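Counting with our numbering, you get residues 7 to 170 for the letters of the sequence shown.
Hints were generated in silico from the structure; no laboratory data involved.
Derived pair list, reagent style BS3-like, types lysine-lysine, alpha-carbon separation capped at 27 Å:
hint : residue 1 : residue 2
1    : 24        : 89
2    : 10        : 75
3    : 75        : 113
4    : 10        : 89
5    : 24        : 10
6    : 24        : 75
Remember, it's a predicted structure, so these values are computed and weren't measured experimentally.
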Amino acid sequence: MLNKAMIIGRLGREPELKYTQNGMPVTTLNIATDESYLDRDGNRVERTEWHRVSVFQRAAENCAQYLSKGSLVYVEGRIQTRKWQDQNGQDRFSTDIVANTVRFLDKKSDRNNDDFGDSSYSAPSAPQYGSQRGSQRKAPMQDPMEDLGSPFPSEASDMDDTPF
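Whole structure, please, built from the sequences with the hints as guidance.
Next comes the structure, spelled out in C-alpha cells:
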C-alpha cells in the first residue's frame with residue numbers, strides 16, 4: 007500500500023511548536039497550495055487548498071526556528087486522519103499530513119536570517135513505526151535552497167495558455 011503526499015506551498019500563519027508529554031517537539035504548519043485555470047468562458051479561476059502538516063523531532067524545531075508566515079516549503083509525508091470529540095461530545099475528524107521531509111524553498115536572500123546551521127538538510131521528522139522500529143535512518147543531504155521555480159501556475163510566466 008502507498009500513502010504519500012507531496013505539496014509545495016506557502017505558510018498561512020506562523021509555525022506552532024509544542025512538545026508532547028514525552029518531550030518530543032511537534033510543529034504544526036498550515037500550508038496553502040493554489041491552482042489557477044481558465045473556465046469555459048475564459049475567466050481565470052483560482053482555488054486555494056489548505057493543508058495541516060505535523061512535523062516531529064529535530065525537523066520540528068528547525069521549522070519553528072527558520073520558517074515564518076509566507077515561507078515557501080516542499081513537504082513530503084503521509085496522510086493521517088484522526089478522530090476526536092468536540093466539547094459537545096460529537097465525533098470530529100481531522101486529516102493531516104505527517105511530514106517526513108520538509109524543504110525550505112525560499113531563496114536565501116528572501117529570508118531574514120542567512121545562518122541556517124543544521125537546517126540545510128531534510129531530516130526524517132515523523133517517528134518511525136513498524137519494521138523499522140528501533141533503527142535509525144539518516145536522511146541524505148539535500149539542498150533546501152534549491153530554486154525549483156514557481157510553485158503556483160498563477161506565478162509562472164507564459165502559463166496563460168496551459169490547458170489545465
